[in-house]
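Novice: The primary structure of each chain is shown beneath.
Protein chains: 4
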Amino acid sequence: MPDDRITDLPFQFHADTRELLERLTAFMQEHVYPAEQQYRDSLAAGDDRWQIPPVMEEMKKLARDAGLWNLFMSDSALGAGLDNLSYAPLAEQMGRSLIGAEVFNCSAPDTGNMEVLWRYGSEQQKKQWLEPLLEGTIRSAFCMTEPAVASSDATNIAATITRDGDSYIVNGQKWWSSGAMDPRCKIFIVMGISNPDNSRHQQHSMILVPVDTAGVDIIRALTVFGYDDAPHGHAEINFDNVRVTADMLILGEGRGFEIAQGRLGPGRIHHCMRMIGLAQRALESMCQRASSRQAFGKSLSDMGSIRQLIAKSAAEIEQARLLTLNTAAKIDHDGNKAARNAIAMIKVVAPKMAQRVLDRAIQVFGGAGVSQDYFLAHAWAAARSIRIADGPDEVHLAALGKWVIREHS
Amino acid sequence: MPDDRITDLPFQFHADTRELLERLTAFMQEHVYPAEQQYRDSLAAGDDRWQIPPVMEEMKKLARDAGLWNLFMSDSALGAGLDNLSYAPLAEQMGRSLIGAEVFNCSAPDTGNMEVLWRYGSEQQKKQWLEPLLEGTIRSAFCMTEPAVASSDATNIAATITRDGDSYIVNGQKWWSSGAMDPRCKIFIVMGISNPDNSRHQQHSMILVPVDTAGVDIIRALTVFGYDDAPHGHAEINFDNVRVTADMLILGEGRGFEIAQGRLGPGRIHHCMRMIGLAQRALESMCQRASSRQAFGKSLSDMGSIRQLIAKSAAEIEQARLLTLNTAAKIDHDGNKAARNAIAMIKVVAPKMAQRVLDRAIQVFGGAGVSQDYFLAHAWAAARSIRIADGPDEVHLAALGKWVIREHS
Amino acid sequence: MPDDRITDLPFQFHADTRELLERLTAFMQEHVYPAEQQYRDSLAAGDDRWQIPPVMEEMKKLARDAGLWNLFMSDSALGAGLDNLSYAPLAEQMGRSLIGAEVFNCSAPDTGNMEVLWRYGSEQQKKQWLEPLLEGTIRSAFCMTEPAVASSDATNIAATITRDGDSYIVNGQKWWSSGAMDPRCKIFIVMGISNPDNSRHQQHSMILVPVDTAGVDIIRALTVFGYDDAPHGHAEINFDNVRVTADMLILGEGRGFEIAQGRLGPGRIHHCMRMIGLAQRALESMCQRASSRQAFGKSLSDMGSIRQLIAKSAAEIEQARLLTLNTAAKIDHDGNKAARNAIAMIKVVAPKMAQRVLDRAIQVFGGAGVSQDYFLAHAWAAARSIRIADGPDEVHLAALGKWVIREHS
Amino acid sequence: MPDDRITDLPFQFHADTRELLERLTAFMQEHVYPAEQQYRDSLAAGDDRWQIPPVMEEMKKLARDAGLWNLFMSDSALGAGLDNLSYAPLAEQMGRSLIGAEVFNCSAPDTGNMEVLWRYGSEQQKKQWLEPLLEGTIRSAFCMTEPAVASSDATNIAATITRDGDSYIVNGQKWWSSGAMDPRCKIFIVMGISNPDNSRHQQHSMILVPVDTAGVDIIRALTVFGYDDAPHGHAEINFDNVRVTADMLILGEGRGFEIAQGRLGPGRIHHCMRMIGLAQRALESMCQRASSRQAFGKSLSDMGSIRQLIAKSAAEIEQARLLTLNTAAKIDHDGNKAARNAIAMIKVVAPKMAQRVLDRAIQVFGGAGVSQDYFLAHAWAAARSIRIADGPDEVHLAALGKWVIREHS
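Here the protein sequences line up with chains A, B, C and D, keeping their order. First residue of the first sequence? That's 1 in this note's numbering, and the numbers climb one at a time after it. First residue of the second sequence? That's 1 in this note's numbering, and the numbers climb one at a time after it. First residue of the third sequence? That's 1 in this note's numbering, and the numbers climb one at a time after it. First residue of the fourth sequence? That's 1 in this note's numbering, and the numbers climb one at a time after it.
Hints were generated in silico from the structure; no laboratory data involved.
Cut-off 27 Å, straight-line C-alpha distance, at most; resulting in silico cross-link-like pairs (BS3-like, lysine-lysine):
{"#": "1", "chain 1": "C", "residue 1": "Lys60", "chain 2": "C", "residue 2": "Lys127"}
{"#": "2", "chain 1": "B", "residue 1": "Lys352", "chain 2": "A", "residue 2": "Lys312"}
{"#": "3", "chain 1": "B", "residue 1": "Lys402", "chain 2": "A", "residue 2": "Lys298"}
One side only, chain B facing chain A, incomplete, derived with CB under 10 Å:
{"#": "4", "residue": "Val149"}
{"#": "5", "residue": "Tyr227"}
{"#": "6", "residue": "Ala295"}
{"#": "7", "residue": "Gly297"}
{"#": "8", "residue": "Ile306"}
{"#": "9", "residue": "Leu309"}
{"#": "10", "residue": "Gly366"}
{"#": "11", "residue": "Ile388"}
All of these numbers come straight from a predicted model, not from anything done at the bench. Virtual Cβ for every residue (Gly too), placed ideally from N, Cα, C.
Based on the provided sequences and hints, a complete structural model is requested.
Specialist: Printed below as a string of structure tokens:
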């Protein structure tokens, strides 16, 4: 085992990764955790929840200056140039704070959208949209899910992208377009049916739609267990005869599913990495709380039932972490498709694990745990929503079950 | 089995109860469910979330005129005069809507506070506070939990109630005083230490403190997950040398625990009854949603995994319902103390069951399930907080375990 | 609540039931529990495990003399004449011992077979087989499940019952014919296809086959987690051109499913009642063990984690008991078909609950728990097998889910 | 990632390990799986279950000739010379069959006992006992657990080892001495109190006691659920004034706990590795069964509920496997003590995981699953007993919880 091992894991991280992780960890301690309350207060105090608390832009500048920027980007010309396994411990670290990823320009849905543009975008698309996204000067949203259909089956998606001369016309109702309420959000990637006569997985396309295009109507912000997640928000958006030039189409007509696959693999595991971080922080908080409170004549930390909650949480986190790292390594080594079993597993495992650990932490914190005074309740809501986002658990389990059966029979 | 059986249960409800339930069910259908969205919209639209949506007072008037009023009150001179078993199906029915109980003047914490005043209050206290509470013209809060100590062990409570001549002086910090943000809230029942030299369970008293007394400072509203539960709210309150006349003390010095016991028994099971109703409604919603959505070429209602979610939910609801009814019957027949095992069981079982069923329903609804468009996410947050309120699960399980061991060894 | 209430339940048992339960409970204490070890030793010592330990026939005589006989039989001319709700607490009591039910001539599969003969048998069939079964002088088996097909779908059953002149010829392979190894077993009820051209649920018949008929070959005894369940056993049986007279057919050709439905409803809940008894006894044993053992300087009964196991077990038992009673009452009041949801629920709930409680008790007992020194491991195996017998959990959940969805959409 | 990667894991196995695993896998296919039924039949047919089926000694010879022998032994002079991480995939492979480990002289308790002798034994002890154990000509047992005390707390152990001149006299009752019924078992390692006045963890010693010493009385074989685990067996043994020469004491008086710690670390993880193998084989069997059976008009493998069972199993196995590998790597890299959190985690996680997966497989197999026709039920019983052996789950969770709290507060 080489000296540059940075964790207790046998997974061998490069010295570079180790160095990044150390700096990132220090940055989180120095800047991010202390800013959390200020960030929340700033949102709570203002008349308009849809403004960016200044502390965020300040931190972004610091992070960029420190070279902790675009860490997710595997193209070293554009970002850190890390593979998934190397990015994993960094994403875990950022994920410990709900405002962490954005500081380092590594937050969803921008990361996925940048990947799409980087992999499938034209030079012009890259210049116009990828560059400012990488700069962190604009943000983006991804418009896929629709209120009227079970979007767990993406072939249900019914919005239309219709060729009309040199333009495409987009019509449809989308929701759960996360980040679309953000005042810095300038561009949407929209999925819709362009070629209804093609075979089932060749009917859809993805197209770029600038936020200020005529016919785009952001109807409202959806809430996640009461949280509006301002200033980013989850928007319901109406596209009413929205006309964009034909060069806004990404990759080509009927290639929407191909893009979605490329986008979702790493995206799913980025979420999982962050979930590990959230759960780990909840575990640490739970330990501290248990040590600081007394009931029935003894410290909570001396109670058998509390120790069990903590022991189980530690074991579950460690397993999910190892599965995440292993999945990252498989993607790096064998590609998204060969890693599909592992991706499906971790997509189901990590958010549920995080939910359980957060729930236990909330229980140990009592009333404080469900309140705005700690990150626990908000983090729980985030974890809960990930069990639905990018495909509900049931869809991943069904696919995984089918693949495993096929392998062994 | 008599003809007046109103459910499929062997529990025999009186003809009176049956008649009340029928009318209550009709009232819910006709007035309450249709008003839910209007109630939410009214809160969302206003500048001030701490105002009562007019539809609530309209419904209250209708309910009172219909004789569906104070159904919880077992004293027939003051309310419906029902025992707990008879009240249970009514509370379940009201509990189906998060705004249901208030319509019938049956919502916490008023019900518990009215019970306290009815059982333990002086004639003057009854006249001044119980009467308007029964009228529904004022509301109340219960100030027990404190931010600085593990309130799961009520002997930790540190606020002080100190005799000073003809007055008591109240000092301390309370939180999770639910309903205290409500503009109609006029009176608090506060628990604190009055006799520090007494034995452990005789040190505390309860005292009435009018909201507008000098030194009472409502600091802020706590959130439950992202919900502020306006217009009632969960307040953090500072009591700084708050002086009230000595006749505001309830029952006598050092009798706080005695009152708390009397208050909590039925209160706990009222919560449970309502949880059954919420879960039952979630089950029904889940069935309807599953029937109306298609994915992967078939209705969700035809999928084995969805049917399992629904089947398990139905079985869990039915078991919790029977346990609630049985507990109610035991309280009625044998008293709070003899029923303590059953009360501890249902306190742990019902909210967890509701959480599970609501979680499954949310999963079936997908993104809609976590949003403001359905009652599911808000109901889940309510169920979650009940696993902490009135004693966390761990405390009840520890006590129950101790009692069961003692019985059998 | 009347005076003759015998439990803490609101379910009102008749004075007659109460009196029976008292005598039955005393009989269990006096005769059955003390004989358990003797019964096991008798089997372990002999050369031949397929002989009845004499203590069993002694107890049967005592029980019969005491009027504790055929308690399951709802026809008061033939047995106790109790409805299901009245029988439930008696079956729970018998179920506390793995050898309990047989003592009172109330053990499966005889009870189900007697019900079949009583409901659907001809006068001659009753005289020849029902009478000695009711006397307890012979025993019987039920031959339904087959090794070659998924018998969870009973339409898969492939044995044939072919008319040939005045006879029927039975061919096929059966297994899990419980009790068929018992030396007192004289008669089989066999299910097979008689009318392959009928519609799906009218193809099968049931027929009586005496054990000593030519062509009947008991191949071997199956084990359940290592237990051969001697002296009753679970047989694999080959039927090779077994010829019986035509009057051995029960009810009529193609009516096998009709009989199976009538047989299985109450049979399923009898199993459940007994599971409640086993679990309750495990709970009591666990409490006693926890109180009598010390580790790490304190009694197991003072450990938080042990108290949780016990508290959860008590709550789960009580819920399953109430659901069983409620199901019994529904069957009595509304019939098997109207009670199908409740029957499916309890069939899934009770064995899983018993498994969990027994597993916890085993854990508290440590090595002793998995051994032959206590009833726990054997009882666990029995509970486990019931999750497969009479339809696996998955089949009941799927049906229940379908019915519940239909009700609410 | 180097070319010699043998699994999809990022854990990098040496080329040597890879080669061993390939040959081992082939050996299992060619010799072990085909012999399983013969082994069982041989035991079932004989008059005496406590004889070794000849096929076992034949396989041992083949394995030894093939160099697949003492793979567990990290001393390359005595065995394969592998570290824990390299041994892990081999142990997993052997663990797929309940008779696998013995074939390669890698079965408990001999492996642990050989480790004790290798690490702590005198030259004479090694010559006399370690050598024939390594040869596979004799076997051994470990006598620690006692029926009269909660052995989960090893300080409860009450057997005595008393110095008397040049001898020690051993008195006490032991049980769960696995392998002690094996006709080849020649030596016991016995733990008992030698120095009652020492501090709590210095009171016990370990001593070698030849099976045929006067005063050693093997009372009976215990069963695990219904399995006697012949021909090895789990013995209850009485030591009545058993006198052995003083040089039979291992390491020194009062050093029993020190030896136990050294013995148990790797032993615990060997069990876990084998559990992974059992679970993996159960998963594969479940897939095959699901593919080969039809019910309700479709293959079980097409049912959503079955696919979920399989998907969840796959994800749980993979997580436990990664945690086992990681723990092995930690032990190798940092030592037993530094790896104690990970060891506690995997000791709790792996057997429970195996239980769940085996339980699901049993459910998919139906009646066949609980019977002697498949390895599933027996494997389940083995997994269940490991949740008690070497410390029950509760003890490991309590310790782990305490350590984790200490780290983070």
